[in-house]
Amino acid sequence: MQKKQNKNDPSGEIRGEDKIIFNNVAGVLAEEVVKEYLKKLIIDFKINAKIVPTPFTDHKTHRDIKIEVNGKTKTIEVRSSFQISPRLTISGVLTWAFRLLGRYTTKYKKGEPEKDFYITIIHRYRNEEILRNIKNKAEVYIIGGASKEVFEAMGFDDDSGLKQGKACYRVIKPIISVKKGVTEVFKEILE
Amino acid sequence: MDFREEEFNGYKYVIADLNYSFDKEFLDEVERKGKEDAKKTK
Chain A
1 MQKKQNKNDP
11 SGEIRGEDKI
21 IFNNVAGVLA
31 EEVVKEYLKK
41 LIIDFKINAK
51 IVPTPFTDHK
61 THRDIKIEVN
71 GKTKTIEVRS
81 SFQISPRLTI
91 SGVLTWAFRL
101 LGRYTTKYKK
111 GEPEKDFYIT
121 IIHRYRNEEI
131 LRNIKNKAEV
141 YIIGGASKEV
151 FEAMGFDDDS
161 GLKQGKACYR
171 VIKPIISVKK
181 GVTEVFKEIL
191 E
Chain B
192 MDFREEEFNG
202 YKYVIADLNY
212 SFDKEFLDEV
222 ERKGKEDAKK
232 TK
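Protein chains in written order, with my numbering: chain A, 1 to 191; chain B, 192 to 233.
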């Protein structure tokens, strides 16, 4: 009998290749849900807008959406994270545990051109649960977002990871400090 | 796929509800695309 494949290595960590699959599925799910929400708003409010198809780019951490609203192109970066701890409440998510991520730079190169908007998605379960969940029931939290102007005004540069070769992000924390909720941000995108 | 708005202390966020029975095509495509993108990820 064939031995059942173990998703984790002996240390209990998820194997690298599995993690890449889980993260990519999570990224696609986040991107597609944001697109569907935009499409719903476009139809509901009869807005002259369309989503512009974009090719895949290997960003690992985020996905980009382009939307044309009344002839003007706007760019949106979608980032998604897993909420590992099942005990963390929505209050914890919004008031201390998570942050909104904006533009980034690394020690070696400048980041990509700044986007007009940054949207954060949370999958409230662990990485390895995503394939099972999408075959059953899954909730996708569009938890927050802001324009680049709001990031400049309200955010701060978090360069704590720079020494480890990680990126320096413009962040807003806690999420709830952005007074505009998600619906307001999407309204701004579609203006 | 259904979208619902929820509120915490005046802050509004949105939840997308997905159910494989109703969103099979969408979710199968997400899985297919995610796995395909994973192969391209260095």
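Some hints could be false.
[Claimed, not checked] Below, simulated DSS-like cross-link-like pairs (lysine-lysine); rule was C-alpha separation at most 30 Å, straight line: (1) A:Lys72 to B:Lys215; (2) A:Lys35 to B:Lys226; (3) B:Lys215 to A:Lys46; (4) A:Lys39 to B:Lys226; (5) A:Lys19 to A:Lys179; (6) B:Lys231 to A:Lys39.
[Unchecked claim] Computed Cβ-Cβ distance ranges for the label pairs, DEER-style: (7) A:Gly71 to B:Asp219: 32 to 40 Å; (8) B:Asp219 to A:Ala153: 15 to 23 Å; (9) B:Ser212 to A:Glu149: 36 to 44 Å; (10) A:Arg132 to B:Glu227: 18 to 26 Å; (11) B:Tyr211 to A:Pro53: 36 to 44 Å.
[To be verified] If you want a taste of the chain A side facing chain B, the calculated C-beta under 8 Å gives, among others: (12) Glu129; (13) Leu131; (14) Gly144.
Note that these hints are calculated values from the structure, not bench results.
Built from N, CA and C at the ideal position, the CB exists for glycine as well.
Hint check:
Distance check on the hinted pair: Lys72 (chain A) and Lys215 (chain B) sit about 34 Å apart at the alpha-carbon level, beyond 30 Å; violated. At roughly 19 Å between alpha-carbon atoms, Lys35 (chain A) and Lys226 (chain B) fall within 30 Å of each other, so this suggested pair holds. At roughly 27 Å between alpha-carbon atoms, Lys215 (chain B) and Lys46 (chain A) fall within 30 Å of each other, so this suggested pair holds. Restraint check: the Cα-Cα separation between Lys39 (chain A) and Lys226 (chain B) comes to about 24 Å, which is no more than 30 Å; the hinted pair holds.
A distance of roughly 34 Å separates the Cα atoms of Lys19 (chain A) and Lys179 (chain A); the hinted pair therefore is violated under the 30 Å criterion. Our distance criterion of 30 Å between C-alpha atoms is met by Lys231 (chain B) and Lys39 (chain A), whose separation comes to about 28 Å. Distance hint check: the CB atoms of Gly71 (chain A) and Asp219 (chain B) are about 35 Å apart, consistent with the given range 32 to 40 Å. At roughly 42 Å, the beta-carbon separation of Asp219 (chain B) and Ala153 (chain A) lies outside the given 15 to 23 Å, and the hint is violated.
At roughly 42 Å, the beta carbons of Ser212 (chain B) and Glu149 (chain A) sit within the given window of 36 to 44 Å. Hint check: Arg132 (chain A) to Glu227 (chain B), Cβ distance near 20 Å, so the stated range 18 to 26 Å holds. Taking 36 to 44 Å as the suggested C-beta distance range, the pair Tyr211 (chain B) and Pro53 (chain A) does not conform, at roughly 26 Å. This hint is violated: Glu129 (chain A) has a C-beta 14 Å from the nearest C-beta of chain B, more than the 8 Å allowed.
Look at Leu131 (chain A): its Cβ gets to within about 7 Å of chain B, closer than 8 Å, so that hint holds up. Taking 8 Å as the C-beta contact cut-off toward chain B, the hint placing Gly144 (chain A) at the interface holds, the least distance being around 7 Å.
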